[in-house]
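Starting from the two chains in their separate frames, assemble the complex, guided by the hints.
Those protein sequence lines, which keep their order, are chains A and B.
Residue numbering for the first sequence follows numbering that gives the first Met the number 0, beginning at 0 and increasing consecutively.
Residue numbering for the second sequence follows numbering that gives the first Met the number 0, beginning at 0 and increasing consecutively.
Accuracy of the hints is not assured; some may be wrong.
[What the hints assert, rightly or not] Here are some of the chain B residues that sit facing chain A, going by a computed Cβ distance under 10 angstroms: (1) Val9; (2) Val37; (3) Val68; (4) Gln73; (5) Ser81; (6) Gln82; (7) Glu84; (8) Asn102; (9) Ala103; (10) Val173.
[What the hints assert, rightly or not] FRET-style restraints, in silico, Cβ to Cβ: (11) B:Gln174 - A:Met306: 29 to 39 angstroms; (12) B:Glu115 - A:Arg194: 49 to 59 angstroms; (13) B:Thr292 - A:Arg39: 16 to 26 angstroms; (14) B:Thr292 - A:Thr51: 28 to 38 angstroms; (15) A:Gln173 - B:Lys241: 48 to 58 angstroms; (16) B:Gly158 - A:Met306: 52 to 62 angstroms; (17) B:Lys53 - A:Asp151: 32 to 42 angstroms.
[What the hints assert, rightly or not] With a straight-line cut-off of 27 angstroms between C-alpha atoms, the simulated DSSO-like cross-links for lysine-lysine are: (18) B:Lys189 - B:Lys171; (19) B:Lys90 - B:Lys33; (20) B:Lys90 - A:Lys174; (21) B:Lys33 - B:Lys300; (22) B:Lys161 - B:Lys189; (23) A:Lys308 - B:Lys53.
Read the hints as simulated data drawn from the structure, not as lab findings.
All values derive from a computational prediction rather than experimental measurement.
All C-beta atoms, glycine included, are put in the ideal place defined by N, C-alpha and C.
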Amino acid sequence: MANESKLKALLGRHRALLQSFAVLAFIFVVAVVVSPLDIRGNNLFLNPENLTNMLRAITPVAIIALGMTLVILTAGIDLSVGATLALSATVTALGFSQWQYPLPMVIALALLAGLAVGVMNGTLIAWLRVQPFVITLASMIGIRGLTRMLSDNENIGLRTVGESAAYFVDTFSQKSVMIGIFLGLAVIFGALLSRTVFGRYTRALGDNPQAALYAGLPIKTVTIAVYALTGLLAGIAGVLNAARTSTGNPNDGIAMELDVIAVVVIGGTSLAGGRGTIIGTVIGALIVGILTNILGLRNVDANGQLMLKAVIIVLAVVLQQGRKA
Amino acid sequence: MTKQWIVLAVSTLMLMCGCSSQSGSNGNGNGDFKYFVVFSQCNNAEPYRAAQNKRIEELFAQNPEVKLVIYDGQADAAKQISQVENAILQKPDLLIVAPLERNALSDVMGRAMDAEIPTICLERDIVEPNYTTYISADNVAIGRLAGQFIVDHLTEKHGEPKGALVEITGMKGVQGGTDRHNGAFEVLDKYPDIKAVHQATGNWFQGEATARMEEALSANAQIDVVYAHNDPMAYGAYLAAKEANRADGIAFVGVDGLPAEGEQYVTDGILAASFEYPLCVDKAHEVGMKLLTDPSFTPEKTYILESRAIIPEK
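Isolated chain B, as found in the complex (with noise of 0.2 angstroms):
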């Protein structure tokens, strides 16, 4: 009996802890704050979405009277959709969501609305417009930047438009993967010269993409470029082909572009270019501080935002 009350105690005492570490993230009555606002992200460990994360945390702490908080969604949509009913509950001053799931998040969305919730759909477009404002990058223009990108360099280097691709796509049925795609090739079809020798997907992860790349190096003789729809399956491709000798010849391009990744592998030389998938959350604080301050403000339905070429410096 003894050994039982003993584990009681213990699990009590934690079970205190770990509630009240996050004492006052409640939007209610007890912190010292006047808007509360809810950010409800559908995976935290996603590099994108943890740099997301970073830097939404690094804007609200910009506003002392905002108490932000963040909702992991764990790539789980019905966790996702549950954490933002808890969210409509406690009726925060704003919510932004970024959906896992186009279908998924559009009904609970709505019901935010309906609670008279200002709501900041993030990234990823739901089935009806239940949000106060979109705020999203565009992927086909990404791809079609990558895409003259590739063939400027392959210009460059063969003195005409023509050259071998490798292709890593992200995860099969990811609009944004499909996006970037038809991006680049809007362009690269245009040069029947520049041959896509070799398709894998990658699934976004690097270490499928450096499988992916092995197989498409013992296949193919000659490679000039690989384009893979996130820095990560670039990088994975370029130690394969680091570890097959193969590397200099062939010029890496990513996307996503974020700081301590894709720049930074275009800084060390690895990556021939990156291009800026944008994190959004700098116009969702923007347009969500002006929706919390300004009564008169009214959002346009959608901001779509411009992305940005990260190549190394001449």
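Same shape as in the complex, but just chain A (with noise of 0.2 angstroms):
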């Protein structure tokens, strides 16, 4: 009996998975059919610069949406990982141009900000018991005003302060390592998702609470983790982003958790937690990356990009939710 269920469990799992490449795979085939010409009369979509410019543009948000699967899988949310991200870019900014600190500390402190807003969240959350929705709100704001505070309202350019930020900004924004950075968080959360014992926990906490709680989980302990790990990559992500616009921009990442949270839930997550997978926000972060870079090609009207990415939610969940039969 165990082991037939565990079985179909297995099968559902891959079936999952396969769906998601189904619906990747179909967004691709549309994207290539649909793609305008180059003067040449090659596809432009397909083209390797256009293809590694898609996959940059979506780095930011593809890697806080690692971090944020897991929150999600926890039934969680969190909100502040656009301010967070402001943060950690206007912190390399001011690391640079104010501060004049060398290029690893700059890098250290970024990231460092970003990963005490996670603990923060967290342990408010642990320790207070008040719901994610409430906290992260609460720190998606404060966090917002702290960054607009440190940079005294003004986008702080990277441009001309200096020998080390110029070579910063030239490194961080190159693809081959925005990328590489982004698919080398990819396997290790993936791993730390699906083979370690924190990830089974991570699973449990979203799963059933009730049986998690009286199986005796540390559930304050993977709680403050999540969040952290989540801010963690917010702050990677703002350094990052603070290279590819050479500028600490304290409005940065409005309604980015949004884009995030989108990529999550397009990818397989479920809101209700305990169900999802690495591999399948990895896809859904490549749906919205395609579909971005396609309907920008085709230069659809960019308000009704944004309808048609509501469609494209809605209809991706839809389509997912056939693997409960």
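This is the structure:
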């Protein structure tokens, strides 16, 4: 009996993955078909330059989505990631321009800022037992305020503040670096979720909190850890965003949390908790990335794009509901 | 399973429709136009930007041999960079960029130049001169015009240049706002009897300006002039004063002078004056068409456009 249900679950997981792949393949094929051609008559969407542009464009959202997957698996949510990204980007810019710190220290400080926000979120949620939505809503507002205060409401440019800032911008805005960091993190988080005790606990927490409690799982520690990791990832995304735009802008990442959540949901993770995978989230990010890219290449009206994306989110989730059956 | 197939069919249709709704928008081959022009706009969802888009579409509509495409950066620098990258791949005959940020767009515009795409930098400067030509207006000069108007108005009202001024500024850290402040106070500072009794930031928004003006009204029994860094904020301040029954004694001065906005407010007698911030796209169209059609044409590196005072007809 136990073996049979295990087998079923395994099959179910693979089918879920297959379905996610199917949606991705479908979007990809449509993109190829409707793509404009370049001067030589080659497919513009399939141009390697364009594909890597697309991957780099989705990288910050995709990186944060890895952590958001863990958070959502525990049936939580983190609304503060956009503000945390702005904080990290601003700290990066200040580190180079105002504080004149060496490069490793600037990056460490920016990541630490992200991690600190995550630890704060997790600790408040775990110890005060206030809903994650409320705590992270509050920190979304508060961290935005802190960021604007730190930057004195200014965009801090990185192009003219010195050699190490220039080196930072040149290095970390490269496609290979940005996409490489994302892929590396995806592998790490995939392994973390599927091959470690921490991953099992994370899933168990959202799947059945009562059972997790009675089983004596370290609920508080796991909760703090998933928010801390998400904060850290938002910090990494902030550093990359600062390099990419050569700017620390206190208004970066506004409404980004919603893009991140959309990626996770499209990737098949249930907001009810307990069900979802990292590979699903990677696929979700690719779906959103390809969609944004092809709509841009076709120059579909920006407001129309938003409407179309709304429909795609609902459709992707409806398509995946089939896995329950 | 049936449900999923239906969903799949519907989404295919939607995507196809969505994508083909702008058919021929790619610059290559399948349209009967000769020149492909990309305008990378930093944020469509601002009145000034929307007016720019509308005007540039009107202008290029006069040239049927030109296909114009507008990308919307949605106030996200990374997004705008990606869009310019997309544009470069399509090798347009002319690229016009209204950059969201000075630093962020500098590098990618350099790559457009490397790809030998004539590039016009519109309205906002970038850090390195990675453009064929830069077309802008001078916010400091506009501020000076506004400052002089305020001095003249107060002199007319009180017989000498004196009075109480409320300034409602744009978003802190935006160069345009800083320049509009500096220009005005370059003039106003010469008159010590003109006192700035209240300064607050409205972040360019009408609603915030109303709230800040309510505070200014509570704190100050006498206000002669409100100088707001854009027309919506000037109008927002007016609404607060009107509710407090104090609008009649106050002159509201705004900046931008868009036809449907500031100009209309002046016509309606709500604003005492607005100072046009040129859309810059007329010049971009003129210079752009020369770049497209005249191989011998070399533009100036910089064009600074003049402002115009919009005041009620006497």
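Checked hints:
Taking 10 angstroms as the C-beta cut-off, the interface hint given for Val9 of chain B holds, the closest approach to chain A being about 7 angstroms. The restraint placing Val37 of chain B at the interface with chain A holds, with a minimum CB-CB distance near 9 angstroms, inside the 10 angstroms limit. With a least beta-carbon distance of about 5 angstroms to chain A, the hint placing Val68 of chain B at the interface is held under the 10 angstroms criterion. Because the beta carbon of Gln73 of chain B sits about 6 angstroms from the nearest beta carbon in chain A, less than 10 angstroms, this interface hint is met.
Because the closest C-beta pair between Ser81 of chain B and chain A is about 4 angstroms apart, less than 10 angstroms, the hint holds. Checking Gln82 of chain B against chain A: minimum C-beta separation of about 6 angstroms stays under 10 angstroms; hint holds. A distance limit of 10 angstroms between C-beta atoms decides the matter here; for Glu84 of chain B the minimum to chain A is near 5 angstroms, and the interface restraint holds. A distance limit of 10 angstroms between C-beta atoms decides the matter here; for Asn102 of chain B the minimum to chain A is near 4 angstroms, and the interface restraint holds.
At a threshold of 10 angstroms, the smallest CB-CB gap from Ala103 of chain B to chain A is about 4 angstroms, leaving the interface hint in force. About 8 angstroms separates the beta-carbon of Val173 of chain B from the nearest beta-carbon of chain A, less than 10 angstroms, and the hint is met. For Gln174 of chain B and Met306 of chain A, the hinted distance range of 29 to 39 angstroms is satisfied, since their beta carbons lie about 34 angstroms from each other. Here the CB-CB span from Glu115 of chain B to Arg194 of chain A is close to 51 angstroms, well matched to the stated 49 to 59 angstroms.
One distance hint, 16 to 26 angstroms for the beta-carbon pair Thr292 of chain B and Arg39 of chain A, holds here, with the actual separation near 25 angstroms. Restraint check, Thr292 of chain B to Thr51 of chain A: a C-beta distance of roughly 35 angstroms satisfies the suggested window 28 to 38 angstroms. A beta carbon spacing of about 55 angstroms between Gln173 of chain A and Lys241 of chain B agrees with the range 48 to 58 angstroms that was offered as a hint. Our hint of 52 to 62 angstroms for Gly158 of chain B and Met306 of chain A holds, since their Cβ atoms are close to 59 angstroms apart.
A C-beta distance of roughly 35 angstroms is found between Lys53 of chain B and Asp151 of chain A, which places it inside the suggested range of 32 to 42 angstroms. This hinted pair checks out: Lys189 of chain B and Lys171 of chain B have alpha carbons roughly 24 angstroms apart, not beyond 27 angstroms. As the CA atoms of Lys90 of chain B and Lys33 of chain B are separated by approximately 13 angstroms, the hinted pair is consistent with the 27 angstroms bound. Pair hint Lys90 of chain B plus Lys174 of chain A holds up; C-alpha atoms about 21 angstroms apart against a cutoff of 27 angstroms.
With a CA separation close to 26 angstroms, the supplied pair Lys33 of chain B and Lys300 of chain B stays within the 27 angstroms bound. Only pairs whose Cα atoms come within 27 angstroms are accepted, and Lys161 of chain B paired with Lys189 of chain B is accepted, the gap being roughly 11 angstroms. A C-alpha spacing of about 25 angstroms is found between Lys308 of chain A and Lys53 of chain B, which places the hinted pair at or below 27 angstroms, so the restraint holds.
In summary, this structure violates none of the numbered hints.
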